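Participant: In case you want the letters, here they are:
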Amino acid sequence: MIRSVAGVSDLPTALIGCAAGFAADRTDAGIPIVRTLRERQGPRFLIYETLGERTLALSQIERRRDPARGYNPSLARFVEPILGDCLAGGIKIVGNFGAANPRAAGELLAGMAKRLGFPSARIAVVEGDDLSAALSPDEFAARETGGALLAARPPIIAANVYLGAVPIAEALDRGADIVVTGRVSDPSLALGPLIHSFGWQPDDWRRLACGTLAGHLLECGSQVTGGYFADPGIKDVPGMDTLGYPIAEIDADGGIVITKPEGTGGRVDRRTVTEQLLYEIHDPAAYLTPDVVLGITEVELAEIGPDRVRVTGARGTPRPETLKATVCIDSGLLAEAEISYAGPNAAARARLAIETVRKRMARRAPTLRTRADAIGLMSIHGDTDGTALDASTQTAMDVRVRFAAEAMEREPLELLNLEVEALYCAGPAGGGGVRARITPRLASASCLIERELVHPTVSFVGAER
Amino acid sequence: MNDTVEVPLYRLVHARAGDKGNRLNLAVICYDPACYPALAAQLTAERVAAIFASRRPTKVVRYDLPKLHAFNFVLDDVLEGGVNASLGLDGHGKGLSFLLLGSTVRLDKALASRKWADVVEIAADSRSDAQA
Numbered sequence: 000m001i002r003s004v005a006g007v008s009d010l011p012t013a014l015i016g017c018a019a020g021f022a023a024d025r026t027d028a029g030i031p032i033v034r035t036l037r038e039r040q041g042p043r044f045l046i047y048e049t050l051g052e053r054t055l056a057l058s059q060i061e062r063r064r065d066p067a068r069g070y071n072p073s074l075a076r077f078v079e080p081i082l083g084d085c086l087a088g089g090i091k092i093v094g095n096f097g098a099a100n101p102r103a104a105g106e107l108l109a110g111m112a113k114r115l116g117f118p119s120a121r122i123a124v125v126e127g128d129d130l131s132a133a134l135s136p137d138e139f140a141a142r143e144t145g146g147a148l149l150a151a152r153p154p155i156i157a158a159n160v161y162l163g164a165v166p167i168a169e170a171l172d173r174g175a176d177i178v179v180t181g182r183v184s185d186p187s188l189a190l191g192p193l194i195h196s197f198g199w200q201p202d203d204w205r206r207l208a209c210g211t212l213a214g215h216l217l218e219c220g221s222q223v224t225g226g227y228f229a230d231p232g233i234k235d236v237p238g239m240d241t242l243g244y245p246i247a248e249i250d251a252d253g254g255i256v257i258t259k260p261e262g263t264g265g266r267v268d269r270r271t272v273t274e275q276l277l278y279e280i281h282d283p284a285a286y287l288t289p290d291v292v293l294g295i296t297e298v299e300l301a302e303i304g305p306d307r308v309r310v311t312g313a314r315g316t317p318r319p320e321t322l323k324a325t326v327c328i329d330s331g332l333l334a335e336a337e338i339s340y341a342g343p344n345a346a347a348r349a350r351l352a353i354e355t356v357r358k359r360m361a362r363r364a365p366t367l368r369t370r371a372d373a374i375g376l377m378s379i380h381g382d383t384d385g386t387a388l389d390a391s392t393q394t395a396m397d398v399r400v401r402f403a404a405e406a407m408e409r410e411p412l413e414l415l416n417l418e419v420e421a422l423y424c425a426g427p428a429g430g431g432g433v434r435a436r437i438t439p440r441l442a443s444a445s446c447l448i449e450r451e452l453v454h455p456t457v458s459f460v461g462a463e464r
Numbered sequence: 000m001n002d003t004v005e006v007p008l009y010r011l012v013h014a015r016a017g018d019k020g021n022r023l024n025l026a027v028i029c030y031d032p033a034c035y036p037a038l039a040a041q042l043t044a045e046r047v048a049a050i051f052a053s054r055r056p057t058k059v060v061r062y063d064l065p066k067l068h069a070f071n072f073v074l075d076d077v078l079e080g081g082v083n084a085s086l087g088l089d090g091h092g093k094g095l096s097f098l099l100l101g102s103t104v105r106l107d108k109a110l111a112s113r114k115w116a117d118v119v120e121i122a123a124d125s126r127s128d129a130q131a
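Those sequence lines, one after another, are chains A and B.
Following numbering that gives the first Met the number 0, the numbering of the first sequence begins with 0 at its first residue and continues without gaps.
Following numbering that gives the first Met the number 0, the numbering of the second sequence begins with 0 at its first residue and continues without gaps.
Hints may be right or wrong, so weigh each one.
[Unchecked claim] A short, non-exhaustive set of chain B residues, derived as facing chain A with CB atoms under 8 Å:
1. ASN24
2. LYS66
3. ALA111
[Unchecked claim] Straight-line alpha carbon distances no greater than 30 Å define the calculated DSSO-like cross-link-like pairs of lysine-lysine that follow:
4. LYS93/B / LYS58/B
5. LYS108/B / LYS323/A
6. LYS93/B / LYS234/A
[Unchecked claim] The calculated label-pair distances, taken between Cβ atoms and stated as ranges, are:
7. GLU45/B / ASP397/A: 32 to 42 Å
8. GLU45/B / ALA132/A: 42 to 52 Å
9. ARG113/B / THR456/A: 57 to 67 Å
10. THR438/A / THR103/B: 17 to 27 Å
11. GLY262/A / VAL4/B: 24 to 34 Å
12. ASP107/B / ILE379/A: 46 to 56 Å
Simulated from the structure, these hints should not be mistaken for lab results.
The model shown is predicted, which means the values in this text are computed figures rather than measured ones.
Glycine is no exception: its CB is placed at the ideal position from the N, C-alpha and C atoms.
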């Protein structure tokens, strides 16, 4: 690979836009980012983070059903609108949208590039995160942390380790236009392009921490630009329907500015950035990633222009010895059934419906633990034992009662759903709008895996495979 | 101190919830850095545990971020198993930041009388206050 031997400060600033923060994010968010990046110079990247904790297991189930699938189902919707502009403009795309089948995703993108007139686009696939064949159930169980879900050796649906930034950087060093991954640490999607752009060394903990911090701020897409933030009259955000997704400007020394495309909705200020800075953080002095341990206790933010926030003060310490893997197992079925009551005395009728179903289920399926919510009175802040709902003195004119239960078998769950539907005739007055369903559940365990057991690979779709 | 008034938290701070498994984190950020010491004194880990009592936290830790005039609360085992296992509608606990924001603290009248709209402006350009 070729890296500049000049001082790092001579290197141009890298720009990284994030067009998706989760699997079902808006699929048109990349368009204004790419428009903005095309007007700029220097290394430019568009990243997609589409792989939540459970998403990969769901993708693995889909791949078992159809070996040609198992990647993000919105992949084409995400990439097609921007692919031609990215390839023409030298904007590299990095995404974990490969999910359980990065190679199939890479092949889909190769076909799309060819159709758009770029038959020689170089598409790299990062693999090696799937450990399901590498370790036995006993070996996973021995490495489980924070629980004992694997102690009974349940069948494993998916087991994927969080890879780091290095294989992404390697793919870019080898000329990739697009890098498709499965499970990688979310911030690594940004750190990989920065290691590639600036030649940061693997023990340059401070700069790696800066790149990881940039990635952490980007990885949830619009959550740093006004999404998951707006609270009308309290924290107003303009243009929620046209939110600009974030762009980070990162210099070779690790200086970060967070901004967003011109002409988009949303906002970037100290408050939006602070909320995202602390999002899903536990100990702010030690945010663990495969690449570095990031500390944010000394981070400072400065508003340096409209929708521009400078971020300084990231601290880095050596990366953890072990890597985290998420292991998903089958966890039975979830039943949910709902019915509504409205108008005068609606809350009392809703409570009577709950009491009625509870009494009948206690007789007909005594071991089934059933939850009841009264949406409009107490649900989101409630608890499964019902203490918050019992204590609530709220009243309302429009209440939706919701029951939920889980079990390994269908029978008691179907019984619950039928009991709720029976309220149409046998329940309190005016109950309407029953909806009931039974859906499969997954549970996940975390394991700590020795680095020597993990072997990331980089290959190219087509010629270099 | 008798010269205090009860103030809803949502007037003083904004907050964001995040989840990892059965663990919730709540980022709590002061609009007005001048409120940070009073909140540091009152919004203790014990107080937050009491606000979330119906979710039976097994442990609550507060991390202080004075440079951001913010706190990060980490509440263990309050998500009823988390997104994979909860029987509730919001297994992520996305809405739990607002359970905290609906609570109240007592502030000096002088501090509490700093106006809402002004507070937002003060917060934007008083980084020195934040570290005072």
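Participant: Against this structure, judge whether each hint is valid.
Facilitator: Hint-by-hint comparison with the structure:
About 6 Å separates the beta-carbon of ASN24/B from the nearest beta-carbon of chain A, less than 8 Å, and the hint is met. Of the supplied interface hints, the one on LYS66/B holds, with its beta-carbon coming within about 5 Å of a beta-carbon of chain A, less than 8 Å. Taking 8 Å as the C-beta cut-off, the interface hint given for ALA111/B is violated, the closest approach to chain A being about 17 Å. Between LYS93/B and LYS58/B the CA atoms are separated by roughly 19 Å; this keeps the pair inside 30 Å, and the hint holds.
The straight-line distance between the Cα atoms of LYS108/B and LYS323/A is roughly 49 Å, outside the 30 Å bound, and the hint therefore fails. Pair hint LYS93/B plus LYS234/A holds up; C-alpha atoms about 17 Å apart against a cutoff of 30 Å. Here the CB-CB span from GLU45/B to ASP397/A is close to 37 Å, well matched to the stated 32 to 42 Å. A beta carbon spacing of about 48 Å between GLU45/B and ALA132/A agrees with the range 42 to 52 Å that was offered as a hint.
Checked against the hint of 57 to 67 Å, the C-beta distance between ARG113/B and THR456/A comes to roughly 58 Å, which is consistent with it. Between THR438/A and THR103/B the beta carbon distance is about 39 Å. The supplied range of 17 to 27 Å is therefore violated. Between GLY262/A and VAL4/B, the C-beta spacing of about 44 Å breaks the proposed range 24 to 34 Å. Remark: the range hint 46 to 56 Å for ASP107/B to ILE379/A is contradicted by a beta-carbon distance near 33 Å.
Checked against the numbered hints above, the structure breaks hints 3, 5, 10, 11, 12 and satisfies the rest.
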